[in-house]
Amino acid sequence: MRTRALIAATAATAAVALALIFLYAPLDADQGLSQKIFYLHVPMAIVTLVGFMAAGAMALRHLRTGDRSWDLRSYVTIHVSLVFAVAVLGTGSIWARVSWGHWWVWNEPMLVSFLIVFLLYCCYQPLRFSIEDPDRQARYAAVFAITAGAFVPLNFLAVRLAEAYTHPRVLSATGGHMPGSMRLTFGVALVAAALLFMTLRRVELESKRTAIELRQRWRLAKAAR
Amino acid sequence: VSAVPYVVGAYAGVFCLFGIWVSIMMRHTRRRRRELDELERR
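Note that the protein sequences, when read in sequence, are chains A and B.
Under our numbering, read the first sequence as residues 1 to 225, first letter to last.
Under our numbering, read the second sequence as residues 1 to 42, first letter to last.
FYI, nobody ran anything at the bench for these hints, they're computed from the structure.
For clarity, every value in this text was computed on a predicted model and none was experimentally measured.
Where a beta carbon is used, it is the ideal one built from N, C-alpha and C, also for glycine.
Among the hints, a few may not be true.
In silico negatives: residues of chain A with every beta carbon more than 12 angstroms from chain B [to be verified]:
no.	residue
1	L18
2	I131
3	T147
4	L220
Label pairs and their computed distance ranges (CB to CB) [as the list claims (entries may be wrong)]:
no.	chain 1	residue 1	chain 2	residue 2	range
5	A	V16	B	G9	14 to 24 angstroms
6	A	W106	B	R31	39 to 49 angstroms
7	B	D37	A	R183	20 to 30 angstroms
8	B	E40	A	W100	50 to 60 angstroms
9	B	R27	A	H102	19 to 29 angstroms
10	B	E40	A	G101	52 to 62 angstroms
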């Protein structure tokens, strides 16, 4: 799909999602209006974690094939996932403030585990750019991305097995006890978040590829002189 | 506590974050493409 088509699809899906969230989905009987944040927060959290795991798979492909384009894809996917993670932490805190009266609760496994994953991936860029040799940089970054990517589902499972204190669970057999209209809205919001992720990733990939091409051309121009 | 400012803040914050991020990325790409074109012309 071309970038413009992807941007258009993202904008259209996001518009439908917003309309469903504020005009179609009913107000939650318990939480009221603050529950609307859930349609923003949970899809972004799911997409972030899937993004981290996908980056690990891309890094694995780089190690297996030696193709540097997979390293670039892995790097950009982690970068976009980190931006999403900032939004997840921000919206989660806002929701917690309205629902629990606190911006952050340290004894809630879901919150703390997500923060650990976020901080873990914050180490990716310093590690990557502390290595000058491009091949070694790509290799070490790939090993980090694979290891951290494997940690994400383990971390998710550990939180599932732990006793939840206050954080609601949406991904369950009962679907968080949501009625059909809420499930539909949540599904559309999830598709919108996934498309937004793909758009941001595509925009950054284009930017990085142009930068690489520019560097190569400069080198060629210098050599020609 | 009214939830309205929090809900508006959450949605506006996320849209601003991604909006700023996309505009920075697109500006970088445009600048690099311009530089590429200049280099080609030379």
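message: For the hint 20 to 30 angstroms, verify it against the beta carbon of D37 of chain B and that of R183 of chain A.
response: Since D37 of chain B and R183 of chain A have Cβ atoms about 49 angstroms apart, the given range 20 to 30 angstroms is violated.
query: Does the Cβ distance between E40 of chain B and G101 of chain A fall inside 52 to 62 angstroms?
result: holds, 60 angstroms
message: If I claimed the Cβ atoms of W106 of chain A and R31 of chain B lie 39 to 49 angstroms apart, would that claim hold in this structure?
response: holds, 43 angstroms
message: Given the hint of 19 to 29 angstroms, is the C-beta distance from R27 of chain B to H102 of chain A inside that range or not?
response: violated, 38 angstroms
query: For L220 of chain A, is the shortest beta carbon distance to chain B beyond 12 angstroms?
result: violated, 9 angstroms
E40 of chain B paired with W100 of chain A, Cβ distance criterion 50 to 60 angstroms: holds, 58 angstroms
message: If I take the minimum Cβ distance from T147 of chain A to any residue of chain B, is it greater than 12 angstroms?
response: The claim holds: T147 of chain A sits with its nearest Cβ about 27 angstroms from chain B, beyond 12 angstroms.
- request: Quick one: work out the minimum CB distance from L18 of chain A to chain B and report holds if it exceeds 12 angstroms, violated otherwise.
  value: violated, 8 angstroms
task: Would you assess whether I131 of chain A, listed as outside the interface, keeps its beta-carbon beyond 12 angstroms of every beta-carbon in chain B?
output: Holds: least Cβ distance 23 angstroms, greater than 12 angstroms.
task: Confirm or reject the claim that V16 of chain A and G9 of chain B have a C-beta distance inside 14 to 24 angstroms.
output: holds, 23 angstroms
The structure does not agree with the numbered hints 1, 4, 7, 9 stated previously, though it agrees with the rest.
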